[in-house]
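*Asks:* The primary structure of each chain is shown beneath.
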Amino acid sequence: MDFTLFLPNLAKIWSQYWKLFLFTGLKNTLILTFISVALGTVLGTLVAMLKMSKSRILRFIASVYVEVLRGTPILLQLYVFYFVLPNIFTFLKLSQFMWVSISLCINSSAYVSEVIRSGIQAVDKGQTEAARSLGLSEGQTMVKIILPQAVRNILPALGNEFIMMLKETSLASTFFLGDIMTSYLIVKGVSYLTLEPLTIVAIIYLCVTYPLSKIVDRFGKKMANPNSYRNRKVKAGGKN
Amino acid sequence: MKKTVSMILAVLLMASLLVGCGSTSANTATTAATAETTAAAGTDAAAETTAAAAEIKTVTPGVLTVATSPDFAPMEFTDPTKQGQDMYVGFDITLAKYIAESLGLELQIMPMSFDACQTAVYAGTADMAASGFSWTEDRAQNYNTSDYYHAGDNEDEQVLITLASNGDKYATAEGLKGAKIGAQNASLQQSLATEQLPDSELVLFTDLGTGVLQLKNGDFDCIAVAKGNGDAIIANNPEIATSGFKFVVDEKYTGNVILLQKGNDGLTEAVNAALAASKDQWDTWYNEAKAISGIEISYDDQGNVAN
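Chains as they are written, first to last, in this note's numbering: chain F, 1 to 240; chain W, 1 to 307.
Chain F extracted, bound-state conformation:
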């Protein structure tokens, strides 16, 4: 393969389409990710509550929901939701963009619900027992004792979910929603060049995901155990 034209083409495409990649592509990718993770978190919390409820039927329903969504490819879900939902909810006049966001959000909710459930269940059982024996009601125990500790487990995992979703939204390009991968399709469509725009897309994704994952990492370590020796030293301004 002849690579002599690779760099000139790369430069040419970047100088010609950088606005398309950054202003349209990156912007839409971030919007899509925010919408789907934010709504997915709300929906996922509800599913997690169902999954931990006392009723066996509710638990079963939530399990089916989570298993179906986690056990099928996201592209398949996108097709099904995109083509079927608008036919069911005909009274909802939503744009293409919103339907795809909703599809992604439903998918995200399944993963988030598991994150939240495992975060809550990872809190030591002794905490519940202690709180209950001190006379706190079930609700008080959850809100005052369990959730504050569970948040420590949940937040870093949610950060990872955000990074995951950022990459998953590339599937929205199936419907030319204007995300970064759509920019690639557009440029490929007019220029019939493939590797050059793909390289640009890869660099943009990395520029966003790498710092994000570093932040989530640091955050996660801090959250993991706020009273660890290391963190106390840091707080006190000491050196290791």
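Hints may contain errors.
Straight-line alpha carbon distances no greater than 27 Å define the calculated DSS-like cross-link-like pairs of lysine-lysine that follow [claimed, not checked]:
1. Lys82/W to Lys167/F
2. Lys177/W to Lys246/W
3. Lys216/W to Lys180/W
4. Lys246/W to Lys279/W
5. Lys93/F to Lys57/W
6. Lys144/F to Lys222/F
7. Lys262/W to Lys93/F
8. Lys82/W to Lys19/F
Pairwise CB distance ranges, derived in the manner of DEER restraints [stated by the list, open to error]:
9. Ile31/F to Glu288/W: 31 to 37 Å
10. Asn287/W to Ile203/F: 36 to 42 Å
11. Thr90/F to Thr284/W: 36 to 42 Å
12. Phe91/F to Ala164/W: 54 to 60 Å
13. Val42/F to Glu201/W: 53 to 59 Å
14. Lys97/W to Trp14/F: 30 to 36 Å
15. Leu198/F to Ile292/W: 20 to 26 Å
16. Ser15/F to Thr206/W: 26 to 32 Å
17. Ala164/W to Leu198/F: 19 to 25 Å
18. Asp265/W to Ile88/F: 22 to 28 Å
19. Gln281/W to Ser15/F: 33 to 39 Å
20. Asn142/W to Lys93/F: 27 to 33 Å
21. Glu174/W to Trp14/F: 43 to 49 Å
One side of the interface only, derived from the structure: several residues of chain F facing chain W at Cβ under 10 Å [to be verified]:
22. Gln16
23. Phe83
24. Val84
25. Gly189
26. Ser191
27. Leu195
These aren't lab readings, by the way, just hints derived from the structure by calculation.
No residue lacks a Cβ here, since even glycine has one placed at the ideal position from N, Cα and C.
We have chain F; now place chain W onto it with these hints.
*Replies:* What follows is chain W alone, placed relative to chain F:
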């Protein structure tokens, strides 16, 4: 109380899962295209013929939704300098505009991948798919297909493109014996290569951009493309040239069709009438589309990018 709330939530969740089983019938609002509107919109002979199709059903009343895969210059592609619906340009888009106008409907382009276009029509999300579809037996079974339309030399000439360094090596069927020919899956080029180059090895790819990359990479010796696509490819890839080989193209293959939902005969007739009326303009539209496609990047004699 708590239980009721969670019960409702559960039902909602189930509902959102079960929609997959729901009906796929489209919301068939009827738009009565009266003779007046049609006559007012269609400025030429089309008016009378179109008026005959009195009842036209569209997914959204008053709007003609067209699914297309805008990554296939010059048939349909995206102009990155424009915004919104204006972004979509190319022969099929011009044709869709004409059809919508002659039916007195507002045009809405729904961009999506090539596979998804067919699904969109099948599921009733879009009224029709215009994305350079060739007529095939299977498509005719599952969709209403319009009459043929021709886009300049895009379909009339089917050629092989190869690396320029190969010269005339693959200009004849003789030279192509044992060569690897790439063709897009489920395309006209696939059937042409199967029929006319039985001694060559046929390898399939999913989209043209990937095919070009594989050709440059040496996975194929040649790829089979429509002339128009080939020109756009060569314009941007100076290391690629036509091999000199041309397929014999049977008349039945030279046209494209528009896919519509099975049973929507009213709209199909109206589309056919608009096709018949616009015949004279096809070449102009095609040349216009070609003029704005694939020429963004040009090269000087040394193969360097010229600004």
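*Asks:* Next step is simple, just say for each hint if it's right about the structure.
*Replies:* Do the hints match the structure? See the list:
1. Lys82/W to Lys167/F: holds (26 Å)
2. Lys177/W to Lys246/W: holds (15 Å)
3. Lys216/W to Lys180/W: Holds, at roughly 13 Å.
4. Lys246/W to Lys279/W: It holds: about 26 Å lies between the C-alpha atoms, which stays within 27 Å.
5. Lys93/F to Lys57/W: Satisfied, since the Cα-Cα distance of roughly 19 Å is no more than 27 Å.
6. Lys144/F to Lys222/F: Roughly 21 Å between the alpha carbons, so the hint for Lys144/F and Lys222/F holds.
7. Lys262/W to Lys93/F: Roughly 25 Å separates the two Cα atoms, so the pair holds.
8. Lys82/W to Lys19/F: holds (12 Å)
9. Ile31/F to Glu288/W: 31 to 37 Å: Given about 34 Å between the Cβ atoms, the range holds.
10. Asn287/W to Ile203/F: 36 to 42 Å: Cβ of Asn287/W to Cβ of Ile203/F: about 37 Å, so the range 36 to 42 Å holds.
11. Thr90/F to Thr284/W: 36 to 42 Å: Once the Cβ atoms are compared, 39 Å apart, the range 36 to 42 Å for Thr284/W and Thr90/F holds.
12. Phe91/F to Ala164/W: 54 to 60 Å: holds (57 Å)
13. Val42/F to Glu201/W: 53 to 59 Å: Between Val42/F and Glu201/W, where Cβ atoms are some 54 Å apart, the hint holds.
14. Lys97/W to Trp14/F: 30 to 36 Å: holds (32 Å)
15. Leu198/F to Ile292/W: 20 to 26 Å: Hint holds: Cβ distance 24 Å, inside 20 to 26 Å.
16. Ser15/F to Thr206/W: 26 to 32 Å: holds (30 Å)
17. Ala164/W to Leu198/F: 19 to 25 Å: holds (23 Å)
18. Asp265/W to Ile88/F: 22 to 28 Å: Given range 22 to 28 Å: holds, Cβ gap about 26 Å.
19. Gln281/W to Ser15/F: 33 to 39 Å: holds (36 Å)
20. Asn142/W to Lys93/F: 27 to 33 Å: holds (28 Å)
21. Glu174/W to Trp14/F: 43 to 49 Å: holds (44 Å)
22. Gln16: Where the cut-off is 10 Å and the nearest Cβ of chain W is about 7 Å from Gln16/F, the hint holds.
23. Phe83: Given a least distance of 4 Å, the restraint on Phe83/F holds.
24. Val84: holds (5 Å)
25. Gly189: holds (3 Å)
26. Ser191: holds (5 Å)
27. Leu195: holds (6 Å)
The structure is consistent with each of the numbered hints, conforming to all of them.
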